[in-house]
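Peer 1: Sequence:
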Amino acid sequence: MSARYPGYVTLSYCWGTKNDHGHLLREETEAQFLQALPPLPRTIQDAVDVCRRIGIRYLWVDAICIIQGRGGSSSDWEKESARVGSYYANSMFTIAVTWAEASDEGCLPRKAYYYYMKWIASLPHTMRHGHVRRLASEQWSDVAGDFNSKSILKTRGWTTQELSLSTRTLWLSPLGAVFSCRKENRGYWGKTANYNGDIAQFQESMRSLSSWNKLLWRYTTTELSYADDKLPALSGICKYIDPDTTDQYLAGIWLSSLSRSLFW
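Under this note's numbering, the residue at position 39 of the sequence shown is numbered 24, and the numbers go up by one with no gaps.
Read the hints as simulated data drawn from the structure, not as lab findings.
Misleading hints may appear alongside valid ones.
With a straight-line Cα cutoff of 25 Å, these simulated DSS-like cross-link-like pairs (lysine-lysine) come out [unchecked claim]: (1) Lys139 x Lys199; (2) Lys168 x Lys199; (3) Lys215 x Lys199; (4) Lys64 x Lys215; (5) Lys139 x Lys224; (6) Lys168 x Lys215; (7) Lys224 x Lys199; (8) Lys64 x Lys168.
If you anchor each label on the Cβ, the simulated ranges turn out as follows [unchecked claim]: (9) Glu12 x Cys166: 35 to 43 Å; (10) Phe248 x Gly40: 22 to 30 Å; (11) Leu201 x Ile41: 40 to 48 Å; (12) Arg153 x Leu22: 20 to 28 Å; (13) Tyr211 x Ser246: 34 to 42 Å; (14) Gly40 x Trp202: 33 to 41 Å; (15) Ile41 x Glu65: 39 to 47 Å; (16) Gln233 x Gly40: 19 to 27 Å; (17) Leu19 x Lys64: 29 to 37 Å; (18) Ser241 x Val33: 24 to 32 Å.
Model, not experiment: these values are computed from the prediction.
Note that beta-carbon positions come from the ideal geometry of N, C-alpha and C, so glycine has one too.
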């Protein structure tokens, strides 16, 4: 991102199935938004609080930064939906709410979740310098990754793009927080391995097409509220494939693998 633009944070979360999304920016509410924001759901409020505590002034949230609605006199959605990927790719980090099924549930649960597992095991011998060798239990070191694999975010089509393109992610779950980048993941229990699963593997090979089919398979298992979002929710990723490639992107598949992809 250009130095002339201030740093900002993005939010990846689930809207929920309720129809009373009174906080959405729409054509008919745009004038009201210019005067004052409507009451925001708890998840967005919590995300604002996180940004304030860290000292970051700007938060990008799809529901209040894009004029919602398909068709009509406004083309804001058509223009902005094509830019969503770049917003996540260029943010300082993304807040990922892994557990909440609706936007009124908050970023962190209001009750504690406990895992009664021994997370440090002492081996029955000492090392050369006399220190007792200790080993982190695999159950604990992977507990965050296990929770993420069951995350409600995994079911949302748009999050495939959001989380694939985010260079840094703050994962919020009932177990606490994990901060991940493309090098490592850290939580209060220390480092964790491969917290973001398929997405982390895709980020490592972002400049090639080798992981595209795997990411595409994952994407086809997700859900979208609007069928028309199927291509926009994915196409932003292709812009970050190796710019030197001579391949051509064709609505979810690449020209070099056209016949195989159509057959599959």
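Peer 1: Now tell me, hint by hint, if it's right for this structure.
Peer 2: Tested hints:
1. Lys139 x Lys199: holds, 14 Å
2. Lys168 x Lys199: Measuring from Cα to Cα gives roughly 21 Å; hence the hint holds.
3. Lys215 x Lys199: Distance ~17 Å between Lys215 and Lys199 Cα, so the pair holds.
4. Lys64 x Lys215: Holds - the C-alpha atoms of Lys215 and Lys64 are around 15 Å apart, at most 25 Å.
5. Lys139 x Lys224: holds, 22 Å
6. Lys168 x Lys215: Outside the cut-off at roughly 30 Å; violated.
7. Lys224 x Lys199: holds, 17 Å
8. Lys64 x Lys168: Distance ~33 Å between Lys64 and Lys168 Cα, so the pair is violated.
9. Glu12 x Cys166: 35 to 43 Å: At 38 Å between Cβs, range holds.
10. Phe248 x Gly40: 22 to 30 Å: Given range 22 to 30 Å: violated, Cβ gap about 52 Å.
11. Leu201 x Ile41: 40 to 48 Å: Cβ of Leu201 to Cβ of Ile41: about 33 Å, so the range 40 to 48 Å is violated.
12. Arg153 x Leu22: 20 to 28 Å: For Arg153 and Leu22 the Cβ distance comes to about 26 Å; the hint holds.
13. Tyr211 x Ser246: 34 to 42 Å: violated, 24 Å
14. Gly40 x Trp202: 33 to 41 Å: holds, 40 Å
15. Ile41 x Glu65: 39 to 47 Å: This hint is violated: roughly 22 Å between Cβ atoms.
16. Gln233 x Gly40: 19 to 27 Å: violated, 43 Å
17. Leu19 x Lys64: 29 to 37 Å: violated, 19 Å
18. Ser241 x Val33: 24 to 32 Å: About 44 Å separates the Cβ atoms of Ser241 and Val33, which means 24 to 32 Å is violated.
Checked against the numbered hints given earlier, this structure breaks hints 6, 8, 10, 11, 13, 15, 16, 17, 18; the rest are met.
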